Every structure is written in C-alpha cells, then in structure tokens.
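Chemist: Since chain A is already given, all that's left is putting chain B on it; use the hints.
So the protein lines, in turn, are chains A and B. Per the numbering used here, the very first residue in the first sequence carries number 203; after that it's consecutive. Per the numbering used here, the very first residue in the second sequence carries number 27; after that it's consecutive.
These are computed hints drawn from the structure, not numbers from a lab. Be aware that a few hints might be false.
What the hints assert, rightly or not - Per label pair, the in silico range of CB-to-CB distance: (1) A/Gly227 x B/Ala99: 49 to 57 Å; (2) B/Thr148 x A/Phe518: 40 to 48 Å; (3) A/Ala430 x B/Arg136: 23 to 31 Å; (4) A/Gly502 x B/Arg136: 53 to 61 Å; (5) A/Pro369 x B/Thr165: 52 to 60 Å; (6) B/Ala164 x A/Gly242: 54 to 62 Å; (7) A/Ala516 x B/Ser168: 34 to 42 Å; (8) A/Phe306 x B/Gly65: 54 to 62 Å; (9) A/Arg392 x B/Gly40: 49 to 57 Å; (10) B/Ala164 x A/Ile354: 35 to 43 Å; (11) A/Met365 x B/Ala99: 49 to 57 Å; (12) A/Gly210 x B/Thr165: 27 to 35 Å.
Unchecked claim - Facing chain A, according to a computed beta carbon distance under 8 Å, are these residues of chain B, among others: (13) Gly76; (14) Leu98; (15) Ala99; (16) Ala102; (17) Ala106; (18) Ala109; (19) Arg113; (20) Ala115; (21) Ala129; (22) Pro130.
Keep in mind the model is a prediction, meaning the values are calculated, not measured. Even glycine gets a Cβ: it sits at the ideal position worked out from N, Cα and C.
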Amino acid sequence: MMDLRLNGFLALAVLLASLASLFSGGSGIGFETLTGLLAGSDDLDVLILGELRAPRVLLGLLIGSGLGAAGAVLQGYFRNPLADPGVVGVSASAGLGAVIALYFGLSASFVYAVPVSAVGGAALGVGVLLLLAGARASATTLILAGVAVGAIATALTGLLMNMAPNPWALSEIAYWLMGSLKDASWNEVRFAAPIIISGLLVLALTPRSLDTLSLGEETARSLGVDMARLRFLVIGGAALVVGGGVAVSGAIGFVGLVVPHLLRPFVAYRPGALILPSALGGAVLIVLADLTTRLMSGPGMPLYLGVLTALLGAPFFLWLVRSTQRNAP
Amino acid sequence: MTRLTLDDISLNYGDRAALENVSLDLEGGALVALVGPNGAGKSTLLRICGGLLDASRGSIRLDDAPLGEVTLAKRARTIAYLAPDGRSAWPMSVRRIVALGRAPYLKPLRALSDEDETQIDTALARAGIAHLADRSFATLSSGERARVLLARALATQADVLLLDEPTAALDPQHQLAVMGILKAEAERGVLVILAAHALDLVARYSDQVVLLEQGHIIADGPAQDSLSEAHIARVFGVSAPGGIKPTELELSD
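Same shape as in the complex, but just chain B:
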C-alpha cells in the first residue's frame, strides 16, 4: 500500500501562513476528507500532496522517498490530481479527454497501446459514463463533465487520488454517484484524498476526516470525532447539535 507522510509542513504566501506545522500519515485503502472553511488551506494541502506546490518548511514522503526526488514521470503515474475548475479548453470527445489520463504512460510518437485502451474503457465504466464516450465534452451537463474528468483521473491508475471539491456544484444524485465511485477506489487500495464542503457526505463516506482552520489541523480522526458539535461550532461558527450526521440520501434504482 502506498503511504504519504507529511512531516511538519508549513507554507507561507508572503506574510500569510497558508499552512503551519501540518503533519499527516496517510495510507492506501482509506478515503480521507480535508474539511474546513474557505481559505483554511485544503486546496493548498492537496497541491502539496501532489507535488504541485513546494512547502516552505517540512518534508513530504511518498513511501520512502522524498516527494521532491521522485521523477516527474513516476509522480505522474503514482499521484492523480483532479483540479477544482472542471473545464476543457477544446470540445474534444469524452473518450479523448479520458485518454489524457494515460499521458504519463505514453512513449514519444507512439499511439495509445491496447493496455491504454483497456484502462480507458475501465475508467469510463467505473465512472458510469461509457455511454457518453463519443459525445463532445462541450455538450455535456456539469454533472456529466465532473464524471468525465473523474474518469480522466481514474484512467491514470494512480495509487494516490487527490480531488479538489469533486462534488461541488453537483446535484444530490451526482454527489452520491461520485462519492460511491471514490469509496470503491479506496476499497481497491487507492489512497483517496479529497477537499469537500458537503459535511454530511464526508460523514457518510470518509474513513478519516482532517479538519483545518487557518492552516492548522484542528482534528484528525474518524468522522464522528472530527465533525463533533464542538469542532463544527469552533471552526465553521455554526451549530450542529449532536455533530454532523451522515447523509441518509440513497441512489434509487
């Protein structure tokens, strides 16, 4: 199982500390939710985990190697990142967009291999969008687009999956569908880390909830502990009598 270890990570944007003394030990097979108000440092933490941002202090290790020493190609095959703004600059077909997830495996001037095609099919199926494969991305609804971009991330077959608000702007049905897909990935041994605001979804699906406030970790543990009434009142300034309860919505058949 892949292990991602953050040791005393801090990051400053100018004078402002975006993250301060963050330490986390994350292991494959878990769905980890990063939760906190806007500006708490969730996205920053995800980018650091993906090697897209460098910390000012502290160290981050992928298994036994410092993340900064992992080659670009290996990092790209091991860690997939789903950006928060789900757009494509060009109206390519769904299949071609999902195929971009295979980029870390492609050799110069070679076409997609059979293995690539198989993984693209698998990703399309897991995201439940095989029927959209030949549609143009531009013609899809936002819920469908979110699932296409998720399939793109799945196609990389990475051991670590980082997702910045994958359920934002989705209706309840698509939210449940996406969380179900991510849960299945975690059960296959993938380390899934997502930033999210939908606390009832987080409470239902997460194995571990990291609660952040102004760049500090306030709580790190099972959902019922991290999302307790006291924590929610302190961090979000809202009252949640008895703590956050898991959503009771179910996908109907």
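Isolated chain A, as found in the complex:
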C-alpha cells in the first residue's frame, strides 16, 4: 500500500516535470501549440515542441529512469549505498567506446557509430569485469574490479584526448563527455529507447533476490537465490541502461547514487522495493535538471547537464561517505 502511494506520487511528479519542461523556455509555446501539433501544423512553435522539446524530455525520462534503477539495483547487490553505475566502471567504459567513435570520426560514415560503440564499450567493460571478478566473486571483489575497469577506461579516454589530432576533435570529445541532452532528437530516442527499456526489464527481475541478499550471500543462496543468474541480470541490466544512456547523452553522474538514497526510507529500506521508485525519481531528477540547464544557459554558453548533476551530486557523495563511515560498526 505504502509502495503504491509512493509510486503513484512519483508517477505524478514525472508527468508534472515533463509538462513543465515541454512548456517552459524562450519561445511562446503554450498549450494551444499542442493542438497545433496534433493537427499537423508546421508552425515554428509546433516544430520546437514536437521536434526539439518532446524528444529531449522523452530521452531525459529514459536516461533518468535507467540511471535511477541501475543505482538502486547495484546498491542492493553490493549492499552498499555508495554503489553507483559509475562504480562498476560501466559508465566509463561506455564513455570510452563513444570517444573511440568520435576520435576516429566514425560517425561521418555511420550515423549510429557513437551509440553502437558506446554500448560495445559498456559490454566490453562488463566482460572484463566478470573476467577480473570471477564467477564466485564477493561483492567487495566486484567493487574493486569495477574501480579498476573504470580507471582503465578513464586512462584510455585520457590518452585519446591527449593524442587528439586537432583542437576541434578535442573540444568535441570534451563537450560530449560533459553530458547533455541538448542535441536530443527523435533519432536518439529511437536508438536509446529499446536498449534502455530492455535493460529496465532485466533489472525488474532482481527484486526478490536483492531482498534476501540483505542478509548476505550465503543466506541468500540458502533461500534459493541463484547467485550466478543474479550477477548476470545485475550486470547485464546495468550495462544496457547505462550504456544506452551514455551513448546518446554523454556521462551524467550521481543520479544513480542520490535518487535511491533519498527514496530508501520511503520503502522501509527494502532493496527490491526501491527499484521502481528510483526509476521514476531518476526520470524526474534528469528532466528537472535538464530544464534547469536550459533556463540557465546563456547565448553561446550552454550549461551542461552532466556538469550540473556533478556539481549537485559530488558534495552529496562526500556527505554520504562521511555518514557511512560514522554509522559503520
């Protein structure tokens, strides 16, 4: 009952945030533009709403829900509130994949080069992670392996930027890495939606196992949890939602860290019950944060979404580390 009320409230928040984002901004778009859109008008306002803002909001919802759900699942799996898609190195590997495509200019010959390469990078990162951590790794081993994978991906990304052939390539990579939805179009939505939605479905298979995992791996196994299957679902689901998101928007950090942490008390600390609210909460956060960047950006000086979430998220991370230490037994 409690869960139903929370999820209902968050779904309403998703709707309101989406409407706010659709109808706020420079041009005089109002609700009457919506009827124009439905009537098939090719008015400029209608184009802005239908071709710029709508895909941007939709992409924000997809990416935010993926990051929120992945954060909740990873924290449940690692039994650690500090776990985040970034921690297992998936974001960094996806970023490396995308940078490789940008660096070699692959997108000139193939429109989807960056997204495909980013998902490939995420998958490779996960593969290396499993290889490093082994089939029966403890959560701690997996976290350490994830940090190592992330470090390698970041180092290689740095190397590519270091060797960038010209300032233009360097700045393209640098801006992309900052994370943004400003170039969102229906193309990005069409590419990212199937990947992120299938990842969300995979993550939706984990709640029961995550609940029993609260009491440790051996207890979970004694209660019938197949740990190898769970590990596969967690890593596969996280790779799909994070890889799919990073592919189209660059790196947007800390959403998967902040959202589950704030919502956890409202689901009575049950890791399984936290996944859906975190997906909804992540969607709200990204859409509102993206709206903020749009409203705060000046002419010729865009504020990047990834920069904003990092500015807000990093101090929160520090505070969380401190409070986790203080509460440690």
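Modeler: Chain B only, in chain A's frame:
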C-alpha cells in the same frame, strides 16, 4: 522424518584437507552438535549439508535423492541455514527480515500469502520476539538480533535447520533461550544441526555430538561419550576432569 546421509565426504582447499572421509547418518527429531577447535571443519561440514559447498569426493543424500540433484527451490524449502555473521545490510523492520525466510515459497510478483503471514507470526512467537516485530533491526541488541535471524530461519519451516554458532557472542540468558528454542524444534521432528563452542550447553541440549579435529570425525555419539575427558584432552588440549558436564544454569521466570 527427513534423513541426511553423508557418505565418505572429503573436501580440499588447495593442498589442505578441510574434511576427510566424513560419514554421518542424521535423522529428524535430533539436535546434533558439531564440536571441535577452530578450523576443525565444523562450518565447512554445515555448508556441505546445506548444499552451499560441494564436496571434492563422497556423496550426500537428502532422504533418497542426492543433494546436488534436488532443485534449488525444494532445497531452500527443506533446509534452512543460519550464517555465523548475523547482519542485515539495511535497517529493515524485524518483521520484514523474518519474512525473508518465506522467500522459497513466494511466487513471482505476488505479495505474502495469509499462510506466509501466519508462519511469520509463528516464527516470531517461537523465537520470543513478537514484541519486537515493528522495531528496526538496527536498533536491536546483539542478543535480540540473533533471535530475529533465528526466527527468519524458523519461518522457512524447513525439515533441516543448520546453524553456524547460533549462541556465539550471546549472554547466558540468551544462550539458554536460543538452545531451548532449538530443542523445541528438534522435538517437533526437525533435524537441528549446529556448530558450537559452548561445550556445557552442547552437553545439556544435544542428542548427538560429532567431535571433529582437522577434518576428521573423532567421536560421534551421545554427549557423555563424545565429550569424555580423554576426547577433550586430545582434541582441545585442555583438561576436563570427568568429561564436560551439562550447564546447570536455568532461565529464571
């Protein structure tokens, strides 16, 4: 009655033999204590009994079926395991933690059934912690936590109950309470197997004591035989004139 039969079980960790040629025949209705120094193989043996570890050699059977061929779901309903480190990663309520013991019965996407709720209430009552049901696990004392996790194991209604040092770090009152609960389970027909160091408690409550040393069974029988002066001197290197005597402590009203 459920029967657990271990036939010539051996397990190696690298070069070291954790268990060697262990054979046991255990039947429901008994409280069996695994006793021995640290590293004797008690925890390893418990994990093998629970199917959480695979033996290098030998066979283990649950009733008539090899344990490895029992489905994960059936094994989880038949054998409950209480891990030695009593923690919960998240400060959930006591009732929600005990409810995790019902996990082997849950169908996908369904809430707890009335039967589940009844069994949770029964487990809370048997462990004597019904009054703690709505408390947060994080706010409990270690004695209370031990009983909550025991209730979690009881809620599964398993025929076999495996417990790794359930009385460790408990004060005398909680030790007696926990042993009393386990004794009652055995009297209801459950096969209770525990690893323990508190020899006077073992002597008082056990029907069968398996004495282990470096992966070998030294003695297997009633407490007064397994915990004799000679055995204790050999295995633990301490002297217990006349053998281990049952604790005389009683719970006061």
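Chemist: Compare the structure with each hint and give your call.
Modeler: Results for each hint:
With their beta carbons about 54 Å apart, A/Gly227 and B/Ala99 fall inside the hinted range of 49 to 57 Å. Checked against the hint of 40 to 48 Å, the C-beta distance between B/Thr148 and A/Phe518 comes to roughly 43 Å, which is consistent with it. Remark: the range hint 23 to 31 Å for A/Ala430 to B/Arg136 is upheld by a beta-carbon distance near 25 Å. Judged by the Cβ atoms, the range 53 to 61 Å given for A/Gly502 and B/Arg136 holds: they are separated by roughly 56 Å.
With their beta carbons about 59 Å apart, A/Pro369 and B/Thr165 fall inside the hinted range of 52 to 60 Å. Between B/Ala164 and A/Gly242 the C-beta distance comes to about 59 Å, which sits within the given range of 54 to 62 Å. Taking 34 to 42 Å as the suggested C-beta distance range, the pair A/Ala516 and B/Ser168 conforms, at roughly 37 Å. Between A/Phe306 and B/Gly65 the C-beta distance comes to about 57 Å, which sits within the given range of 54 to 62 Å.
At roughly 53 Å, the beta carbons of A/Arg392 and B/Gly40 sit within the given window of 49 to 57 Å. About 37 Å separates the C-beta atoms of B/Ala164 and A/Ile354, a value consistent with the hinted range of 35 to 43 Å. Between A/Met365 and B/Ala99 the C-beta distance comes to about 54 Å, which sits within the given range of 49 to 57 Å. At about 30 Å, the CB distance of A/Gly210 to B/Thr165 agrees with the hint of 27 to 35 Å.
At its closest, the beta carbon of B/Gly76 sits 6 Å from a beta carbon of chain A; the interface hint therefore holds under the 8 Å criterion. Taking 8 Å as the C-beta cut-off, the interface hint given for B/Leu98 holds, the closest approach to chain A being about 5 Å. About 5 Å separates the beta-carbon of B/Ala99 from the nearest beta-carbon of chain A, less than 8 Å, and the hint is met. The interface hint given for B/Ala102 is met, as the beta carbon of that residue sits about 3 Å from the closest beta carbon of chain A, less than 8 Å.
Annotation: B/Ala106 was flagged as interfacial toward chain A, and the flag holds, the nearest CB pair being 7 Å apart, inside 8 Å. Satisfaction of the interface hint for B/Ala109 is found here, the shortest Cβ-Cβ separation to chain A being roughly 5 Å, below the 8 Å cut-off. Contact between B/Arg113 and chain A, as hinted, is supported at the beta carbon level, the nearest pair being about 7 Å apart and thus within 8 Å. Checking B/Ala115 against chain A by beta carbon gives a least distance of about 4 Å; that is within 8 Å, so the hint holds.
With its C-beta approaching chain A no nearer than about 4 Å, B/Ala129 sits inside the 8 Å limit, and its interface hint holds. Checking B/Pro130 against chain A: minimum C-beta separation of about 5 Å stays under 8 Å; hint holds.
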